[in-house]
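**Student:** The lines below spell out each chain.
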Amino acid sequence: MAAKVVNARKIKHPLEDRILYAVVYTIIILFCIVVLYPIIFVVSASFSSGTEVQLGHVYLWPVKPSLDGYEAVFSHKNVMNGYRNTLFYTLAGTTINVIITVICAYPLSRRDMPMRGFFMFLYTFTMFFGGGLIPTYLLVNSIGMNNTIWALLIPGAMSVYNMIITRTFFQNSVPVELLEASQIDGCSDARYFFSVLLPLSQAVISVISLYYAVGHWNSYFSALIYLRKVELQPLQLVLRNILLATRISLNEFEDPDLMDGMVGLEFLVKYALIVVSTAPIMCLYPFVQKFFAKGVMLGSVKG
Amino acid sequence: MSTLATKTEKKKKSRGASTGSSFDNLEIFLLHLPTTIWYLLFCYAPMFGIIIAFKKYKVRPGKNFLWNLIHNSKWCGFDNFEFLFESSYFGPMIRNTLVYNLIFITLGVIIPVALAIMISHLHSKKVAKTCQTMMFLPHFMSWVVISYFVNAFLATDRGLVNNLFKTLGLSDGKHQWYQDIDFWRWFLVFLNVYKSVGYNMVVYMASIGGIDAELYEAALIDGSSKWQQTRYITLPLLRPIISIMFILAVGSIFRSDFGLFYQAPRNSGALTDITQTIDVYVYKALLERPNINLSSAAALVQSVCGCITIILANLLVKRIDPEAGLF
Numbered sequence: 001m002a003a004k005v006v007n008a009r010k011i012k013h014p015l016e017d018r019i020l021y022a023v024v025y026t027i028i029i030l031f032c033i034v035v036l037y038p039i040i041f042v043v044s045a046s047f048s049s050g051t052e053v054q055l056g057h058v059y060l061w062p063v064k065p066s067l068d069g070y071e072a073v074f075s076h077k078n079v080m081n082g083y084r085n086t087l088f089y090t091l092a093g094t095t096i097n098v099i100i101t102v103i104c105a106y107p108l109s110r111r112d113m114p115m116r117g118f119f120m121f122l123y124t125f126t127m128f129f130g131g132g133l134i135p136t137y138l139l140v141n142s143i144g145m146n147n148t149i150w151a152l153l154i155p156g157a158m159s160v161y162n163m164i165i166t167r168t169f170f171q172n173s174v175p176v177e178l179l180e181a182s183q184i185d186g187c188s189d190a191r192y193f194f195s196v197l198l199p200l201s202q203a204v205i206s207v208i209s210l211y212y213a214v215g216h217w218n219s220y221f222s223a224l225i226y227l228r229k230v231e232l233q234p235l236q237l238v239l240r241n242i243l244l245a246t247r248i249s250l251n252e253f254e255d256p257d258l259m260d261g262m263v264g265l266e267f268l269v270k271y272a273l274i275v276v277s278t279a280p281i282m283c284l285y286p287f288v289q290k291f292f293a294k295g296v297m298l299g300s301v302k303g
Numbered sequence: 001m002s003t004l005a006t007k008t009e010k011k012k013k014s015r016g017a018s019t020g021s022s023f024d025n026l027e028i029f030l031l032h033l034p035t036t037i038w039y040l041l042f043c044y045a046p047m048f049g050i051i052i053a054f055k056k057y058k059v060r061p062g063k064n065f066l067w068n069l070i071h072n073s074k075w076c077g078f079d080n081f082e083f084l085f086e087s088s089y090f091g092p093m094i095r096n097t098l099v100y101n102l103i104f105i106t107l108g109v110i111i112p113v114a115l116a117i118m119i120s121h122l123h124s125k126k127v128a129k130t131c132q133t134m135m136f137l138p139h140f141m142s143w144v145v146i147s148y149f150v151n152a153f154l155a156t157d158r159g160l161v162n163n164l165f166k167t168l169g170l171s172d173g174k175h176q177w178y179q180d181i182d183f184w185r186w187f188l189v190f191l192n193v194y195k196s197v198g199y200n201m202v203v204y205m206a207s208i209g210g211i212d213a214e215l216y217e218a219a220l221i222d223g224s225s226k227w228q229q230t231r232y233i234t235l236p237l238l239r240p241i242i243s244i245m246f247i248l249a250v251g252s253i254f255r256s257d258f259g260l261f262y263q264a265p266r267n268s269g270a271l272t273d274i275t276q277t278i279d280v281y282v283y284k285a286l287l288e289r290p291n292i293n294l295s296s297a298a299a300l301v302q303s304v305c306g307c308i309t310i311i312l313a314n315l316l317v318k319r320i321d322p323e324a325g326l327f
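Residue numbers (the working numbering), protein chains in the order written: chain A, 1 to 303; chain B, 1 to 327.
Since the hints were derived computationally from the structure, they do not count as laboratory data. Any given hint might turn out to be false.
[As the list claims (entries may be wrong)] With a straight-line cut-off of 35 Å between C-alpha atoms, the simulated DSBU-like cross-links for lysine-lysine are: (1) A:229 / B:126; (2) A:229 / B:318; (3) B:74 / A:290; (4) B:74 / B:58; (5) A:77 / B:174; (6) A:229 / B:56; (7) B:56 / B:318; (8) A:64 / A:229; (9) B:284 / B:58; (10) A:290 / B:318; (11) B:284 / B:74; (12) A:229 / B:129; (13) A:77 / A:64; (14) B:74 / A:64; (15) B:56 / B:74; (16) A:290 / B:129; (17) A:77 / B:284; (18) B:318 / B:174; (19) A:64 / B:56; (20) B:125 / A:290.
[Stated by the list, open to error] Simulated DEER-style distance windows between Cβ atoms: (21) A:142 / B:99: 33 to 39 Å; (22) A:122 / B:157: 51 to 57 Å; (23) B:179 / A:142: 37 to 43 Å; (24) A:195 / B:92: 56 to 62 Å; (25) B:218 / A:184: 46 to 52 Å; (26) B:168 / A:36: 54 to 60 Å; (27) A:228 / B:99: 55 to 61 Å; (28) B:125 / A:23: 16 to 22 Å; (29) B:320 / A:23: 27 to 33 Å; (30) B:315 / A:75: 58 to 64 Å.
[To be verified] Some but not every residue of chain B turned toward chain A, in silico, with C-beta under 8 Å: (31) 133; (32) 142; (33) 161; (34) 165; (35) 269; (36) 314; (37) 316.
All C-beta atoms, glycine included, are put in the ideal place defined by N, C-alpha and C.
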């Protein structure tokens, strides 16, 4: 009897399959190592002591654990300021993005919207053709947004891709009967929008909010072009400037004497910075990832 | 009772009759107005800016952009384009953009599809989920952060790779990685795959999840191996989604990821020959060595070519599989 069971198993996994599985597992494990190792290394290095990092003794686990790097990062003037700015840009930017996207997508989802096809064309056309960086830069410059917080919030206020996801969701997942029923009950369009449609669309709204929020958190390009003032710059741009500078000047810290003579300060600051700047996204990660995957599927529905 | 009924009926009738009239839908039209205005200002107004490419743009301090553009700049026909096409950096710039994009598009289909299929074969659903989660991770890191990782590994002074080589006695540990063009040629490809593979995989994972399990059961009864199942069931069923992802990718063949080509190599001068793509050039010509005429011309070439490629790619895919077109 037992022999038969073993046999049955063997039939299920012929030699060819076992070779295939060996290959599959090897490749997947390799990929995972390649993705994870840099992250583990940087986290370990950021918690190690400066001397050990400078000597290159850190490979996998923290050596002589210390929090010096984090102390240095948190007393760096531009970093904390950049952090505050990024939080502001992410919150304000995402709010503006979501409002604009929703009020654009809802009318387009209504079949009785006048000139719907025309507007849809107007929006999708820009996915394929655009004025480009320079005219946009000159425009932002000439309306006086350059070097203000608005340059990061307004010109990129809507992504057509997210708008299409939202519109498709409104169209396919909210039954049109609900609109008819509320109209018969004498409900205005505005009331329907706020009391019926929005509560039913929480899924898509969280997806696009996360898309926008992650985008704002990681964005540095618009800041690179538009913002010259250090006190307005978001964290990513501050990080970039620190990375590009060959040496970290002690004057950038609130308490230069404390940092003076710290061995391997530059290395520690760089590693700790990566952790500090990515930690918020990583904490949200499991949750963000689920919604991202959902959003990709929502977006792949043609419409 | 009867009056109520007629009232409702009337209301229904009036609504039915007025469908399509713009007055009844004034509210939703108004709701839509702010976005339209924003859109015309920030997406369509800059399109008129492409005339800079046909003018000799001059700036007089104190005057605004429009005045400069219309009164202060002379038309010069295709001079800017001629100048651009004849310049020594135009060839490499186009070559880098196209060749790298071709590699990225090919690998961007093959690797995610292969990995998605492999992960779907894993015995434990939990392990499969963990793998997917891990591979998605780099997508959430900005290019600035990725360039820090790269720097941690490749820094000449105390970079991890140089350290390791020195410890193992393979080199003196002083190799200048940021000057090594042969290494970066391939490393750029690796970085692109590293950052995008998890994101590209999601679509394929979901499509594989949507395949009817009965097909595999039937195949199993017929004694097919996993490889045969993949070859004759999974791949043919993935074809439509692969072609859609393909057109989307081909449509942006003239664009390049600024972060990858500018941020990750830390704008190293020695690597310009392979990292200068159209986007990097336009950025440099706007902020580093201002030349608005040439960079507008380059941007316009990029836009027009991109627009043509996406239309062609769509036609091509439609011919192969009429259902799979994007528009």
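**Student:** Each hint should be assessed against the structure and marked as holding or not.
**Tutor:** Tested hints:
Distance restraint check for residue 229 of chain A and residue 126 of chain B: the Cα-Cα separation of roughly 48 Å exceeds the 35 Å cut-off, and the hinted pair is therefore not satisfied. Restraint check for residue 229 of chain A and residue 318 of chain B: not satisfied, since their Cα atoms lie roughly 50 Å apart, outside the 35 Å limit. Taken as a hint, the residue 74 of chain B and residue 290 of chain A pair is broken in the structure, with Cα atoms around 54 Å apart against an allowance of 35 Å. With a C-alpha separation of about 8 Å, the suggested pairing of residue 74 of chain B with residue 58 of chain B holds against the 35 Å cut-off.
The hinted pair formed by residue 77 of chain A and residue 174 of chain B meets the criterion: a straight-line CA distance of about 33 Å does not exceed 35 Å. Between residue 229 of chain A and residue 56 of chain B, the direct Cα distance comes to roughly 30 Å. Compliance with the 35 Å bound is thereby established for this hinted pair. Using a Cα cut-off of 35 Å, the hinted pair residue 56 of chain B and residue 318 of chain B is violated, with the two alpha carbons roughly 42 Å apart. For a cut-off of 35 Å, the pair hint linking residue 64 of chain A to residue 229 of chain A is broken: about 39 Å separates their Cα positions.
For the suggested pair residue 284 of chain B and residue 58 of chain B, the alpha carbons sit about 18 Å apart, so the restraint of at most 35 Å is met. A hinted pair counts as satisfied when its Cα atoms are at most 35 Å apart, and residue 290 of chain A with residue 318 of chain B qualifies at roughly 32 Å. For the suggested pair residue 284 of chain B and residue 74 of chain B, the alpha carbons sit about 24 Å apart, so the restraint of at most 35 Å is met. Restraint check for residue 229 of chain A and residue 129 of chain B: not satisfied, since their Cα atoms lie roughly 44 Å apart, outside the 35 Å limit.
Distance restraint check for residue 77 of chain A and residue 64 of chain A: the Cα-Cα separation of roughly 27 Å lies within the 35 Å cut-off, and the hinted pair is therefore satisfied. Taking the CA atoms of residue 74 of chain B and residue 64 of chain A, the gap is about 67 Å. The hint is violated against a cut of 35 Å. Note on residue 56 of chain B and residue 74 of chain B: the hinted pairing holds, with a Cα-Cα distance of about 5 Å set against a maximum of 35 Å. Of the supplied pair hints, the one linking residue 290 of chain A and residue 129 of chain B holds, its CA atoms being roughly 11 Å apart against a limit of 35 Å.
At roughly 29 Å between alpha-carbon atoms, residue 77 of chain A and residue 284 of chain B fall within 35 Å of each other, so this suggested pair holds. For the hint linking residue 318 of chain B to residue 174 of chain B, the alpha-carbon distance of about 54 Å lies beyond 35 Å, and the restraint is violated. In summary, the hint linking residue 64 of chain A to residue 56 of chain B is not supported, as the alpha carbons are separated by about 62 Å, beyond the 35 Å threshold. The straight-line distance between the Cα atoms of residue 125 of chain B and residue 290 of chain A is roughly 16 Å, inside the 35 Å bound, and the hint therefore holds.
The hinted window of 33 to 39 Å between residue 142 of chain A and residue 99 of chain B holds, with their beta carbons roughly 37 Å apart. Distance hint check for residue 122 of chain A and residue 157 of chain B: the Cβ-Cβ separation is about 53 Å, which falls inside the suggested range of 51 to 57 Å. For the pair residue 179 of chain B and residue 142 of chain A, the supplied restraint of 37 to 43 Å holds, since their beta-carbon distance comes to about 40 Å. Taking 56 to 62 Å as the suggested C-beta distance range, the pair residue 195 of chain A and residue 92 of chain B conforms, at roughly 58 Å.
The hinted range of 46 to 52 Å is satisfied by residue 218 of chain B and residue 184 of chain A, whose Cβ atoms lie roughly 49 Å apart. Taking the beta carbon of each, residue 168 of chain B and residue 36 of chain A are about 22 Å apart, not inside 54 to 60 Å as hinted. Our hint of 55 to 61 Å for residue 228 of chain A and residue 99 of chain B is violated, since their Cβ atoms are close to 35 Å apart. Checking the proposed 16 to 22 Å range against residue 125 of chain B and residue 23 of chain A shows it holds: the Cβ atoms sit about 20 Å from each other.
The supplied range of 27 to 33 Å is met by residue 320 of chain B and residue 23 of chain A, whose beta-carbon atoms lie about 30 Å from each other. A hinted range of 58 to 64 Å holds for the C-beta pair residue 315 of chain B and residue 75 of chain A, which are about 59 Å apart. The interface hint given for residue 133 of chain B is met, as the beta carbon of that residue sits about 6 Å from the closest beta carbon of chain A, less than 8 Å. Of the supplied interface hints, the one on residue 142 of chain B holds, with its beta-carbon coming within about 3 Å of a beta-carbon of chain A, less than 8 Å.
Interface hint at residue 161 of chain B: violated, since its Cβ lies 11 Å from the closest Cβ of chain A, which is beyond the 8 Å cut-off. The interface hint given for residue 165 of chain B is violated, since its Cβ lies 11 Å from the closest Cβ of chain A, which is over the 8 Å cut-off. For residue 269 of chain B, the interface hint is violated, since its Cβ never comes within 8 Å of a Cβ in chain A; the closest pair sits about 13 Å apart. Annotation: interface hint on residue 314 of chain B violated; nearest CB of chain A at approximately 10 Å, more than 8 Å.
Checking residue 316 of chain B against chain A: minimum C-beta separation of about 16 Å lies over 8 Å; hint violated.
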